[in-house]
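2 protein chains.
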Amino acid sequence: MTRIAIPEDSPFGLANLPYGVFSTPGTEPRVGVRAANVVVDLAEALGDDVFARPSLNAFMEQGHERWVEVREQVLDLVTDEVPGSAVHPVGAVTTHLPIEIADYVDFYASEHHASNLGRLFRPDSEPLLPNWKHLPVGYHGRAGTVVVSGTDIVRPSGQRKAPDEPSPSYGPCRRLDIEAEVGFIVGTGSPLGTPVAADDFHERVFGVVLVNDWSARDVQAWEYVPLGPFLGKSFATSISPWVVPLLALEAARVPTPPQSPEPLPYLRETNPWGLDIDLVIEWNGQVVSRPPYREMYWSPAQMLAHLTANGASSRTGDLFASGTVSGPLKSERGAFIELTWGGKEPIEVQGEKRAFLEDGDEVVISATAPGPFGTRVGFGEVRGRVLPAR
Amino acid sequence: MTRIAIPEDSPFGLANLPYGVFSTPGTEPRVGVRAANVVVDLAEALGDDVFARPSLNAFMEQGHERWVEVREQVLDLVTDEVPGSAVHPVGAVTTHLPIEIADYVDFYASEHHASNLGRLFRPDSEPLLPNWKHLPVGYHGRAGTVVVSGTDIVRPSGQRKAPDEPSPSYGPCRRLDIEAEVGFIVGTGSPLGTPVAADDFHERVFGVVLVNDWSARDVQAWEYVPLGPFLGKSFATSISPWVVPLLALEAARVPTPPQSPEPLPYLRETNPWGLDIDLVIEWNGQVVSRPPYREMYWSPAQMLAHLTANGASSRTGDLFASGTVSGPLKSERGAFIELTWGGKEPIEVQGEKRAFLEDGDEVVISATAPGPFGTRVGFGEVRGRVLPAR
Numbered sequence: 006m007t008r009i010a011i012p013e014d015s016p017f018g019l020a021n022l023p024y025g026v027f028s029t030p031g032t033e034p035r036v037g038v039r040a041a042n043v044v045v046d047l048a049e050a051l052g053d054d055v056f057a058r059p060s061l062n063a064f065m066e067q068g069h070e071r072w073v074e075v076r077e078q079v080l081d082l083v084t085d086e087v088p089g090s091a092v093h094p095v096g097a098v099t100t101h102l103p104i105e106i107a108d109y110v111d112f113y114a115s116e117h118h119a120s121n122l123g124r125l126f127r128p129d130s131e132p133l134l135p136n137w138k139h140l141p142v143g144y145h146g147r148a149g150t151v152v153v154s155g156t157d158i159v160r161p162s163g164q165r166k167a168p169d170e171p172s173p174s175y176g177p178c179r180r181l182d183i184e185a186e187v188g189f190i191v192g193t194g195s196p197l198g199t200p201v202a203a204d205d206f207h208e209r210v211f212g213v214v215l216v217n218d219w220s221a222r223d224v225q226a227w228e229y230v231p232l233g234p235f236l237g238k239s240f241a242t243s244i245s246p247w248v249v250p251l252l253a254l255e256a257a258r259v260p261t262p263p264q265s266p267e268p269l270p271y272l273r274e275t276n277p278w279g280l281d282i283d284l285v286i287e288w289n290g291q292v293v294s295r296p297p298y299r300e301m302y303w304s305p306a307q308m309l310a311h312l313t314a315n316g317a318s319s320r321t322g323d324l325f326a327s328g329t330v331s332g333p334l335k336s337e338r339g340a341f342i343e344l345t346w347g348g349k350e351p352i353e354v355q356g357e358k359r360a361f362l363e364d365g366d367e368v369v370i371s372a373t374a375p376g377p378f379g380t381r382v383g384f385g386e387v388r389g390r391v392l393p394a395r
Numbered sequence: 006m007t008r009i010a011i012p013e014d015s016p017f018g019l020a021n022l023p024y025g026v027f028s029t030p031g032t033e034p035r036v037g038v039r040a041a042n043v044v045v046d047l048a049e050a051l052g053d054d055v056f057a058r059p060s061l062n063a064f065m066e067q068g069h070e071r072w073v074e075v076r077e078q079v080l081d082l083v084t085d086e087v088p089g090s091a092v093h094p095v096g097a098v099t100t101h102l103p104i105e106i107a108d109y110v111d112f113y114a115s116e117h118h119a120s121n122l123g124r125l126f127r128p129d130s131e132p133l134l135p136n137w138k139h140l141p142v143g144y145h146g147r148a149g150t151v152v153v154s155g156t157d158i159v160r161p162s163g164q165r166k167a168p169d170e171p172s173p174s175y176g177p178c179r180r181l182d183i184e185a186e187v188g189f190i191v192g193t194g195s196p197l198g199t200p201v202a203a204d205d206f207h208e209r210v211f212g213v214v215l216v217n218d219w220s221a222r223d224v225q226a227w228e229y230v231p232l233g234p235f236l237g238k239s240f241a242t243s244i245s246p247w248v249v250p251l252l253a254l255e256a257a258r259v260p261t262p263p264q265s266p267e268p269l270p271y272l273r274e275t276n277p278w279g280l281d282i283d284l285v286i287e288w289n290g291q292v293v294s295r296p297p298y299r300e301m302y303w304s305p306a307q308m309l310a311h312l313t314a315n316g317a318s319s320r321t322g323d324l325f326a327s328g329t330v331s332g333p334l335k336s337e338r339g340a341f342i343e344l345t346w347g348g349k350e351p352i353e354v355q356g357e358k359r360a361f362l363e364d365g366d367e368v369v370i371s372a373t374a375p376g377p378f379g380t381r382v383g384f385g386e387v388r389g390r391v392l393p394a395r
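Protein chains in written order, with our numbering: chain P, 6 to 395; chain E, 6 to 395.
In isolation and in its complexed conformation, chain P is listed as follows (with noise of 0.2 Å):
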């Protein structure tokens, strides 16, 4: 039997005690809990097969109060002593996708990101579109490649063609750039027919990832209009490994930013669900961005209320992202084609100039939040690297 030296400043300390999907060299993929530096088996630990599995999602099926049982073995687990070959120095394991993902949707949540790209996109309209403060746009993205924290990104080929081109080419992608977001994922789905109240969101929502939603801007603006983003988008979202549950983020609830005019009945919140997570992007290992999660206008569980509205089923694994973060401030813009506006302000990096992103680079993305008595909860991070296209 082993104690695990769990330090109280650790961001994966008691509050948090995130889940994942980890291996061993010559092991399969199982569910594991992470504290502080290490990764315990849950499946060896608590005996339990359901965590014999190569994703979370059978135990997020078993549902809310089951999440609330688990987490308390698991604090009992981690603060007596655990057998030792339960226990796995977190380098030395490789983690995988935690989750199969059912539907992935993506939202446009932040205002000053949603402002930004408006400017940039329709330089000759309103920047927000007159739906934007009515309800959270948003729109279904690719599940099948959403891949775990990293994962190579192979610069994405596409058509595309710039304003003072005759016609389109198809080619590697010339404006490769990263979306900072935070995603959420359904533990216990939804019938057919039957929608989501917005305070239903805490027992429906397992966790919270960090998530990457990498994008060829080129791409996109030739394509996106009138049916949105596709391949623009559509060739790898990071996910990060730790899935935070929604139980370890009650000292992270924030109001939302004010909204006006004030929602509909069916997106109203008794308590609403804004996070005090602190984001920060790195780019070849230097920090160009610290965006803020509190100023997003959308909660996720406004999110989910609007994204089951019409009835929509929702499935263990859906994935919804809130958009990319920005903050009001240049310095907290979750995007490159924000930070460079659209490549024309390129930034240092290193020393070297950049708009977008250069083969070889480097992009980690990492959050934290407030946990109870002036603890941190961390989100770990997400983390890709650019290859050339093949």
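Hint data in this document are derived by calculation from the structure and do not stem from the laboratory.
Here the structure is a predicted model, which is why all the values come from computation and not from measurement.
Keep in mind that a hint or two might mislead.
What the hints assert, rightly or not - Some chain P residues near chain E, calculated using beta-carbon distances under 8 Å:
1) Pro132
2) Asn136
3) Tyr144
4) Tyr175
5) Pro177
6) Pro196
7) Ala221
8) Asn315
Ideal Cβ positions, reconstructed from N, Cα and C, are used throughout, including at glycine.
Got chain P sorted already, so can you dock chain E onto it with the hints?
Quick look at chain E alone, frame taken from chain P:
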């Protein structure tokens, strides 16, 4: 042992032999083949457990060579004697969703439909947008709300704002519509980073279904700028239960209409996969339209090549649909918004005026295509009835 009577003029004759998933009272859903008016239980008749599953996915995953081999086995089987216990009258079985849908993509490949919708949604601009003839415009839909023919469609509610209303409201859809489409099912996926060549279409795509992409036009009109259709479509998409093998459609192949400008190399195919499918739309039992699939500008092989052109992976069970099939004539339009010109020119249906769908209305889309020797290959039907909003 029993011998199946298969009339030469059956739309489910020897040239067709579509696959589906069925059950009889008290038994589990499993794979069957339809021959004339019976369903043959493949797990029982061929003794292969891959057919004892509740979807075609495991069989499809075995790949193109295996599809050819099984098709020959099935042909031998239904032209010889079959164990009586493996044969069920089609009226005695329940059909289920035949595929576990991975990702769902909807294209917009009819020039007539795209032009009509352009005129209706954007009356002050060119009907066809600049990108339309350069690439098959498409977007991701909600895989989790794809349902099998016969599933009732609860009228969705949603947020909508008529042009003469000062602000949006939430309530039952007032402009509920259909889209008659043809859907293609990926049998063997392709890895991340590897585009599928248009000429590899026939090795990747297992079969074809009819699709009714139910559409809440008022919800769609309010929400769709700038990220595309979302809740206006995601409440339900119906598909026909019998998957017609692509192998059964050789005699239905026709050239696509002339494509000008010439598509970029990645969208070229050696022998175009235009398909001479005749669709029929019945509204409360009255034929209201006969959309010709051969008029579709983009072929499904071009759609798959485009879908993966950025390196996006594809998976067994991916469904991509053509978008509304509309021909040049008014009597060939595949959506009611086109047939009734945005509701301004109601049509008479069984003696009643209709612009959009009323509660209790039923829509049936059926189709056939040429088979060898003057036969017809039937797609069966996709049927749905509208229930009042909850």
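So, against the hints stated earlier in the document, which numbers end up violated here? 1, 5 and 6
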